[in-house]
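Colleague: Modelling step: build the complete structure from the supplied sequences, incorporating the hints.
If you read the sequences in order, they're chains A and B. What the first sequence shows, in the numbering used here, is residues 1 to 329, in sequence order. What the second sequence shows, in the numbering used here, is residues 1 to 300, in sequence order.
Derived from the structure by calculation, the hints contain no laboratory data. Any given hint could be a false lead.
Unchecked claim - No more than 27 Å apart at the CA atoms, straight line, and that leaves these computed lysine-lysine pairs for DSS-like:
# : chain 1 : residue 1 : chain 2 : residue 2
1 : B       : Lys295    : A       : Lys327
2 : A       : Lys262    : A       : Lys292
3 : A       : Lys300    : B       : Lys273
Claimed, not checked - Computed, partial: chain B to chain A, Cβ under 7 Å:
#  : residue
4  : Ala144
5  : Phe190
6  : Glu195
7  : Thr250
8  : Arg254
9  : Val265
10 : Leu267
11 : Arg268
12 : Ile274
13 : Ala290
14 : Gly291
To be verified - FRET-style restraints, in silico, Cβ to Cβ:
#  : chain 1 : residue 1 : chain 2 : residue 2 : range
15 : A       : Leu190    : B       : Gly269    : 53 to 61 Å
16 : B       : Leu191    : A       : Arg174    : 27 to 35 Å
17 : B       : Asp284    : A       : Leu190    : 43 to 51 Å
18 : A       : His328    : B       : Ser272    : 19 to 27 Å
19 : B       : Pro37     : A       : Pro178    : 40 to 48 Å
20 : A       : Pro179    : B       : Lys225    : 50 to 58 Å
Just so you know, even glycine gets a beta-carbon here, dropped at the ideal spot from N, CA and C.
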Amino acid sequence: MIWVFGDYRNYFQNRVTLQLLAKARSLAEDSGALVCAVALGHGVDEYVREYIAHGADRVYVMDHPALAAYSAATFAALLAGLAKTHRPEIILVGATDFGRELAPRVARRLDTGLTADCVDLSINEDGLLKQTAPAFGGNLLAEIVTPRHRPQMATVRPGIFAELPHDDQRRGERVDAPPPDPMPADPATLVESVFAPRRDQRLEEARVVICGGRGMGSRARFRRLYELAGLLNGEVGATRPVVYAGWADHEALVGQAGRQIKPRLLFSFGISGAIQHTAAIHDAEFIIAVNKNPEAPMMKMADVAIVADAGQVSAALIKQLKERLRKHS
Amino acid sequence: MLKLIVCVKQVPRVSELPWDPKRGALRRDLADGMMDPAAKRALEAALRIKDARPARVTAICMGPPMAEATLREALALGADAGLLITDGRLAGADTLITTTVLAAAIRSRCPDFHLVLCGRQTSDSETAQVGPQLAEALEVAGVAYVEHLEILPDAESEGEAAPESGASQMDCGMDRDIGRIRVRRLCDGFLETLEMAPPAVITISDREYRPRHAPMAGLQTAFEKGVVETLDAAALGLPPDLSAAARSPTRILRVYSPAAEKRNVALRGSASKIVEALFQQYDDRIGGAAGRDIKPPEEE
Ligand SMILES: Cc1cc2nc3c(=O)[nH]c(=O)nc-3n(C[C@H](O)[C@H](O)[C@H](O)COP(=O)(O)OP(=O)(O)OC[C@H]3O[C@@H](n4cnc5c(N)ncnc54)[C@H](O)[C@@H]3O)c2cc1C
Ligand SMILES: Cc1cc2nc3c(=O)[nH]c(=O)nc-3n(C[C@H](O)[C@H](O)[C@H](O)COP(=O)(O)OP(=O)(O)OC[C@H]3O[C@@H](n4cnc5c(N)ncnc54)[C@H](O)[C@@H]3O)c2cc1C
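Modeller: Given below as structure tokens:
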């Protein structure tokens, strides 16, 4: 059995459970393992149906009023208890904040290994779950296995795998697990919980991001990046020296102290590639970097490294883009 | 008096790849050690409590002998004691074994702690697993991603926010006067307030608690006079046949550089020539991401 933890809070934004069900299906292809979701909570029928429609063969459900709010300690005790009874080979947990708090506790209770924040999963020639996870701010990837301990556990980053289409006709089994009496208590009590997503998520959500660094040379040259962003339906990001110099405001800061971005296309102009900046861009799909110095770390992590003056390249890009767009209008 | 424990890890100081593609190994030898930036925030959170009321801060590190420097830095910043757990057999520990060892050290040297503070996630292996697993290992309350931390006077824990000055009234050194711990954290977009009775383990978010700088004088005294106790696995009563690498459930097969597997095409020349070449090769990709057609119109 491959288990996927049902992380349904904020369901419309958090689709990672569905993504993991799809991945679990492909991992189970050779072994024929059952793909199961686990739904802990109160009033979760709707999610049970969703999980089946998105690929679960079976859903373990524990429904109890005491589980109406998420609690890492309580959920960990319950999930570990279920795993001890049913002995899955693999447990996958979405790397949401909650998932990354829950999974380590479950692994500790089951005395097994856990790989954090995986970006890829596969079954290797020994039949083990090969887990690929970033390290050193995404500059390196590590391949990790759990040879002997069971279950093999991983948290997996949202947005890596595609979910299966919703299929109303899919059949699956619902297994209701009796809640333990008494419920495992969380010694930390939740006093208040307010849904307060950060309002402006434009940079985080942008498909194109144009980042500028100190190498843009001047405020005037930096401001031209906004024109480029406009032409590409993108957003402008900045490094810390740019923010300190007042060329851009703090909202535009990309890095450890600012925004984490995941665009399909990232332009990087005059940025050296310090780890505090690159830590926040390793989810960028395709990177075009412009720097006078071909040895800059930013150039090493680029798909296309342009050795040239950042101001001149951005100006030429704007000019030629306008020409191309004009021809289409 | 409040007894606080801060877990600090020493990590390589890297701004570029510590990866040697020729040898296929991490060049840890090249990298100086430094205090994990996340742990430094945890230390800052502990020191802010100590700024306001009597508290004893013990910094604990599991690491190689050179990690002593990181504990001395913690002393210079204001920690009262340092504890280094160092033993060759602990090399290669994963987070399960790491937390077993840290928990054993805490139980043996500071069993009457009120609060353990960890960073959210280290800058090297970045699992963020140590804090939550330490809460399980010590069987105490645990909350991750804390952005704001306060110690409530016991009697008022049910009421409104604790008055700032109220803290000093209860600093009479009697442990039973230590009130509940109240934390605020952001978890998946939910701003949560939680309360718990000590003892507890928390991890500090990477957004708050900007660390202070060590005073030069403090640094010197810490290196000359500060006391760092060193323990090995046997002193903690861990089994003599302990091999952390062999006991750790997870096994690292290989570490590689994804950057090296990027195409990493280099373009040079005049700006306009470069941009022409860029559009020629990548107009699909650029236009696709932007959602605009930037292909040159078909030649008639
Ligand atoms: C605790 C901490 C947190 C931090 N958080 C962040 C953060 O969130 N975000 C962040 O960005 N930084 C952060 N920093 C700062 C970070 O370490 C770097 O200093 C910063 O990212 C460097 O910005 P830069 O690349 O623009 O500047 P530099 O490092 O100065 O690089 C400028 C680059 O431009 C190139 N260049 C110069 N002239 C030209 C030209 N004419 N054409 C083309 N290229 C040119 C140079 O070759 C160089 O590579 C943080 C630092 C600390 C200590
Ligand atoms: C490339 C690589 C990948 C790895 N991947 C995994 C993995 O997926 N799963 C796994 O179980 N192990 C993994 N490890 C092993 C892991 O690095 C060690 O177990 C390490 O001791 C703790 O993990 P961390 O640095 O990720 O800690 P985190 O959980 O990120 O650390 C958070 C906080 O815990 C405290 N802390 C952490 N380590 C120590 C310490 N040694 N002494 C004192 N306080 C500490 C600090 O306060 C720190 O800020 C990996 C190691 C490498 C080199």
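Colleague: Confirm or reject each hint.
Modeller: Verification of the supplied hints:
1. Lys295(B) - Lys327(A): 9 Å, holds
2. Lys262(A) - Lys292(A): 25 Å, holds
3. Lys300(A) - Lys273(B): OK: Lys300(A) and Lys273(B) at ~22 Å, within 27 Å.
4. Ala144: With Cβ-Cβ at 4 Å, under 7 Å, it holds.
5. Phe190: 5 Å, holds
6. Glu195: Since the shortest Cβ distance to chain A is 5 Å, the answer is holds.
7. Thr250: Constraint on Thr250(B) satisfied, holds at 4 Å.
8. Arg254: Status holds, d = 5 Å.
9. Val265: 5 Å, holds
10. Leu267: 5 Å, holds
11. Arg268: 5 Å, holds
12. Ile274: 6 Å, holds
13. Ala290: 4 Å, holds
14. Gly291: With a minimum Cβ separation of about 6 Å from chain A (threshold 7 Å), the hint on Gly291(B) holds.
15. Leu190(A) - Gly269(B): 53 to 61 Å: Roughly 60 Å apart at Cβ, these two residues keep to the hinted range, so it holds.
16. Leu191(B) - Arg174(A): 27 to 35 Å: Given a distance of about 34 Å, which is inside 27 to 35 Å, the answer is holds.
17. Asp284(B) - Leu190(A): 43 to 51 Å: This hint holds: roughly 49 Å between Cβ atoms.
18. His328(A) - Ser272(B): 19 to 27 Å: 20 Å, holds
19. Pro37(B) - Pro178(A): 40 to 48 Å: 45 Å, holds
20. Pro179(A) - Lys225(B): 50 to 58 Å: The hint (50 to 58 Å, Cβ to Cβ) holds, given that Pro179(A) and Lys225(B) are roughly 56 Å apart.
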